[in-house]
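Engineer: Sequence:
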Amino acid sequence: MSAIVAISMLLALLPAVADDAGADEGGACSFGYTWTDSLLPAPAVGYNWIEINGTGTNTRVTGDDSYGGPYPIGFDFSFFGNTYNDF
Numbered sequence: 009m010s011a012i013v014a015i016s017m018l019l020a021l022l023p024a025v026a027d028d029a030g031a032d033e034g035g036a037c038s039f040g041y042t043w044t045d046s047l048l049p050a051p052a053v054g055y056n057w058i059e060i061n062g063t064g065t066n067t068r069v070t071g072d073d074s075y076g077g078p079y080p081i082g083f084d085f086s087f088f089g090n091t092y093n094d095f
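When you read off a place in the sequence shown, starting at 1, and then add 8, the result is the number in the working numbering.
These are calculated hints, taken from the structure and not from any lab test.
There's no promise every hint is true.
[Claimed, not checked] Listed next, with one range per pair, are the computed distances between beta-carbon atoms:
{"id": "1", "residue 1": "44", "residue 2": "11", "range": "40 to 48 Å"}
{"id": "2", "residue 1": "41", "residue 2": "12", "range": "48 to 56 Å"}
{"id": "3", "residue 1": "68", "residue 2": "42", "range": "16 to 24 Å"}
{"id": "4", "residue 1": "94", "residue 2": "33", "range": "29 to 37 Å"}
{"id": "5", "residue 1": "60", "residue 2": "12", "range": "22 to 30 Å"}
{"id": "6", "residue 1": "76", "residue 2": "50", "range": "32 to 40 Å"}
{"id": "7", "residue 1": "49", "residue 2": "11", "range": "33 to 41 Å"}
{"id": "8", "residue 1": "85", "residue 2": "38", "range": "16 to 24 Å"}
{"id": "9", "residue 1": "58", "residue 2": "94", "range": "17 to 25 Å"}
{"id": "10", "residue 1": "44", "residue 2": "12", "range": "18 to 26 Å"}
None of these values were measured; they are calculated from a predicted model.
Where is the CB? At the ideal position from N, CA and C, for every residue including glycine.
Please construct the entire structure, taking both the sequences and the accompanying hints into account.
Structural biologist: Next up, the structure:
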């Protein structure tokens with residue numbers, strides 16, 4: 009019986025010693041990229057959803073990840089040391 013009481017007391021104390029959940033972030037990699045999530049508290053990142061349904065070019069991709077592309081995007085961008093202008 010005393011073991012049940014001891015275990016019950018330990019379980020009751022767990023929430024008191026648990027860490028608070030908060031925003032997470034990762035340090036810079038060798039290319040200088042970092043990441044953070046959108047949870048509060050800081051360093052949470054705000055975002056503004058832009059609905060694009062009905063705009064753009066229909067790629068006819070319907071759920072098969074191995075179908076489609078590359079599709080030109082009209083500009084160059086660098087990502088992890090490589091330059092891309094399509095996806």
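Engineer: Compare the structure with each hint and give your call.
Structural biologist: Results for each hint:
Our hint of 40 to 48 Å for residue 44 and residue 11 holds, since their Cβ atoms are close to 44 Å apart. For the pair residue 41 and residue 12, the beta carbons lie near 51 Å from each other, so the given range of 48 to 56 Å is met. The given range of 16 to 24 Å is broken by residue 68 and residue 42, whose C-beta atoms sit roughly 35 Å from each other. Evaluation of the 29 to 37 Å hint for residue 94 and residue 33 yields a pass: the beta carbon distance comes to about 30 Å.
Checked against the given bound of 22 to 30 Å, the beta carbons of residue 60 and residue 12, roughly 58 Å apart, lie outside it. About 38 Å separates the C-beta atoms of residue 76 and residue 50, a value consistent with the hinted range of 32 to 40 Å. In this structure, residue 49 and residue 11 meet the distance hint of 33 to 41 Å, their C-beta atoms being roughly 39 Å apart. Separated by about 18 Å at the C-beta atoms, residue 85 and residue 38 satisfy the suggested range of 16 to 24 Å.
Here the CB-CB span from residue 58 to residue 94 is close to 21 Å, well matched to the stated 17 to 25 Å. Checked against the hint of 18 to 26 Å, the pair residue 44 and residue 12 fails, with Cβ atoms roughly 43 Å apart.
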